[in-house]
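Chains as they are written, first to last, in my numbering: chain H, 54 to 438; chain A, 54 to 438.
These aren't lab readings, by the way, just hints derived from the structure by calculation. Don't take each hint at face value.
[Unchecked claim] Below are the EDC-like pairs computed for lysine to aspartate or glutamate, each with C-alpha atoms no more than 16 Å apart in a straight line:
hint, chain 1, residue 1, chain 2, residue 2
1, H, Lys123, H, Glu136
2, A, Lys341, A, Asp406
3, H, Lys107, A, Asp174
4, A, Lys342, A, Asp308
5, H, Lys107, A, Glu173
6, A, Lys342, A, Asp406
7, A, Lys107, H, Asp190
8, A, Lys107, H, Asp406
9, A, Lys388, A, Asp308
10, A, Lys411, H, Asp174
11, H, Lys341, H, Asp360
12, H, Lys216, H, Asp174
13, H, Lys151, H, Glu71
14, H, Lys411, H, Glu71
15, H, Lys107, H, Glu132
16, H, Lys225, H, Glu136
17, H, Lys411, A, Glu263
18, A, Lys123, A, Glu263
[Stated by the list, open to error] Here chain A is said to cover these stretches of chain H; the calculated rule only asks that three of the stretch's residues, wherever they fall, bring their Cβ under 8 Å from a Cβ of chain A:
hint, region
19, 261 to 269
20, 294 to 308
21, 322 to 335
Every residue gets a Cβ at the ideal spot worked out from N, C-alpha and C, and that includes glycine.
Protein chains: 2
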Amino acid sequence: MKESWRWFGPNDPISLAEVRQTGATDIVTALHELPNGVLWEREAIAARRDLIAKAGLTWSVVESIPVHEKIKTAEPGWEELAETWGRSAQNLAREGVKTICYNFMPVLDWTRTDLTYPLEDGALALRFDYLLYVVFDLFILQRKGAEADYPADVVEKAEARFKTLSEDAIAKLISTVLAGLPGAEESYTLEDFRGQLARYDAIDAAALAEQLSRFLEIVVPMVEEAGGVMAIHPDDPPRPLFGLPRVVSSVEDMDRIAARVPSPANGFTFCTGSYGIRPENDLPAMLKKHGDRVHFLHLRATKREEDGMSFHEAPHLDGDVDMVAIVRAALEVEKARGVQLPFRPDHGHAILDDQSRKTNPGYPLIGRLRGLAEVRGIARALAEV
Amino acid sequence: MKESWRWFGPNDPISLAEVRQTGATDIVTALHELPNGVLWEREAIAARRDLIAKAGLTWSVVESIPVHEKIKTAEPGWEELAETWGRSAQNLAREGVKTICYNFMPVLDWTRTDLTYPLEDGALALRFDYLLYVVFDLFILQRKGAEADYPADVVEKAEARFKTLSEDAIAKLISTVLAGLPGAEESYTLEDFRGQLARYDAIDAAALAEQLSRFLEIVVPMVEEAGGVMAIHPDDPPRPLFGLPRVVSSVEDMDRIAARVPSPANGFTFCTGSYGIRPENDLPAMLKKHGDRVHFLHLRATKREEDGMSFHEAPHLDGDVDMVAIVRAALEVEKARGVQLPFRPDHGHAILDDQSRKTNPGYPLIGRLRGLAEVRGIARALAEV
C-alpha cells in the first residue's frame, strides 16, 4: 500500500516538508485554485507535480476534479462540461497523476453538525448529530416539504431542541453545515443553499443515477485512453439529506455503477468512513467484491451513536470499522492485481498542537499522522503474515 | 499489550492531558525529584499515583529507582543502600506500581554523540558516532590508558577528526556525552566525569556481574514478597565505553542473571533499541527465551551505520529491529503467561512541533506518538491473526 496524504496546495497551512515527516510518500491534491468547470492545463499540472517532487513526494492521486452541478442536473451545456472534465483528467494522467478521485454528490461534499466535538480524551472530532440536522432542515433552513421526511416524534424532539439553541449556536450550526459546500471558503448564505437545493426538485435517485451513467459513458473512455483510472467517492454520509438524491451509498450502488460501464477505469474510492455509516454495509466484502476497480482508499473509522442516525469520527482503530479486516482485504486485492493501492488516513482528530493551528475541518496534522501510523503498523504486520 | 508512556513528572513539558491524546493508557515514571539513595515513602508514591489516575491514566511501571553508584562499586554502605532500594520497591509495589525498571550501568545511563542528528526527512534523531566518541575519549576527556582500547588506525582517524572540530563543536560534544549522566540537569564537568570513572578502575566485568548478583540476592526476595517484579534494562549501547565494564548486553548476560536468582521477579526490561545494536543479538529469540521474566518492553529501532560501530535511532519500523517479529514474540509470551505486558514507544524523532518544544533527549511528543501508533497497529493486526 502506498501511503498518501491529502494536501490542499501551496495555501495549505501544512507544508510539504511537514508531510514528509509523517512518513507519507505520496500526495493527494488538486488544483484547488481553479474555478469549477475550467480545463486543467498540462503546464499547471506539471508545475504542481514538480513542486511536490521537489519536496521528495509524488503526486499520485487527484482529489478531486469537481463535477459541475450542471453535469449532475443535466442542465444545458452539461455535455461540454463533461468533455472538459474528461480532458482535465486526460491531462492529469498524461502528466503522471493517473488516479482521478471525484464524487457525484448533489450540492454538498459532506455534511456534519459539529466540527469540534470534544471527546473524553480532549481530542476534537467531526460529528453528525441527527437531531441537530433535522433542526437545521426544519427550523433554520425551513425547507419546503421537509416535515414529510421525518416521523412525527422526531419533528417534535427537533422542535424542542431548536428552542434550546442560542443565537450563537444557530449561527455556528449554519456555518458548520454550509462548510460542506464545495469551495466553502466563499461565503454562502442560507438563500444560496436553498437555491442550490431547488435545482434538484425534479431529480430523484433514479434520474441522478442515470445521469451519472451518462457522464461515465462520456468520460471513462477518455480517461482510459490516457492511461488513467477514475475512482468515485461515496456519499458522506451515505443517506439522502435535505431531500437530495444519493446514488453512491451501498454495494448495490457499486454493482450498478460497475455494470453500466464495465471498464476497470470506471472505479471506486473506497472510503471506509462514509460507507461505514450504514451498518448493513459489509466493508471488507464490498472492497473485495469490487477489488478489480478499487483504485484508492480513504481509511477512517466512524462510530454510530445510540439513536442509530448520529455518528462521530472515532480514532482510526476504534470505530465501527474493522480496520485490520479492511487492510487485509486491500492487501489481497493488491496481490491479486499486482499493484500497490494508494491510501490516505482520511480525517483525524484535532489533538495536541493541532488545536492551535487552523486547518481544514477533518484535516489536522497530528491526528492524521496518528491514523497514518496506526494503519502503517497494521499493513506492515499483515504483509509479513 | 498495555500502551505506556514515559512521563518525567509534574515538571515534564508534556502534560498528562497530552499523553491521554496519544492513546496511551499507562504511565511509566519515577519520583524524579528525590535524590538517589533515599527511601521512597508510600505517601509520596500514592500522591503521584493519584495525580496520574486523576488524568485518566495508570502508573504501572516505575522507571527507574536509580541504583546508587556505591552499590555498583561495592563501596562501604552499599548493603544499606540496597536495603533502602528494596524498601522503595516494596513501597511502590504495595501502592500498586508493581513493575520496577532499573539499570546497572556504571556512571552513564546512556551515551550519544549527537542529540539532534538531522535525517533526510528533516526529523532530528539521537546518534552515536563511534569516531566522535573516540575523539571525546582520547582528546577531550584524555582518559588515562584509553589509547590501548583502540586500533592504531582508529586513533589516527580520530586525531584527524579532532583537528577539524571547532570550539563550539567540542563544547557541544562534551555536553552531549555528559547528558547521559543520571540527573544530568545538574551541571557536570569533565573533571567530575573523570572522578566517576576512576571509581571503576579496579572493577572488571566479572566483578560488576558478581556485584549485580549480590544486589539481586538482597532485593529480589524483598520485591517478590511485596508482589512486585524487577526488570533490568540493558546497557545503552551494549558495549564497554570509557573502559567501564558492561554486564547486561547479550543473551549470555541474560542467561547468567536469570540463573543466579531464578525467581521470575528477577526480570528484564526488553529494550529492542539497546540490545539491537549488537548484530549477533537475535531479539525475538532472546525475548522468547526469557519470556517468563520479561516484564516490560522498550520498543525502539536503531540503525547500525556502515562502520559497524556507529548507529542512529531510526523510525520505529525502519531500523535493524524487526518490530513485527518482536511484537509477535511479545504476544506469544503474553498468551503463555496470561498477562498483558506494558510497553512504551522508546524514544522518537523530534518532528513537526516537537522541534520547537524543549523536551528530554529522545522524548519528544509527536515522534513518540508516531512510534506508539505504529506499534499499536502491529499489535492490533497480530492480535487478530
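Provide an ascending list of the numbers of those earlier hints which the structure does not satisfy. 2, 6, 7, 8, 9, 10, 11, 12, 13, 15, 16, 17, 19, 20, 21
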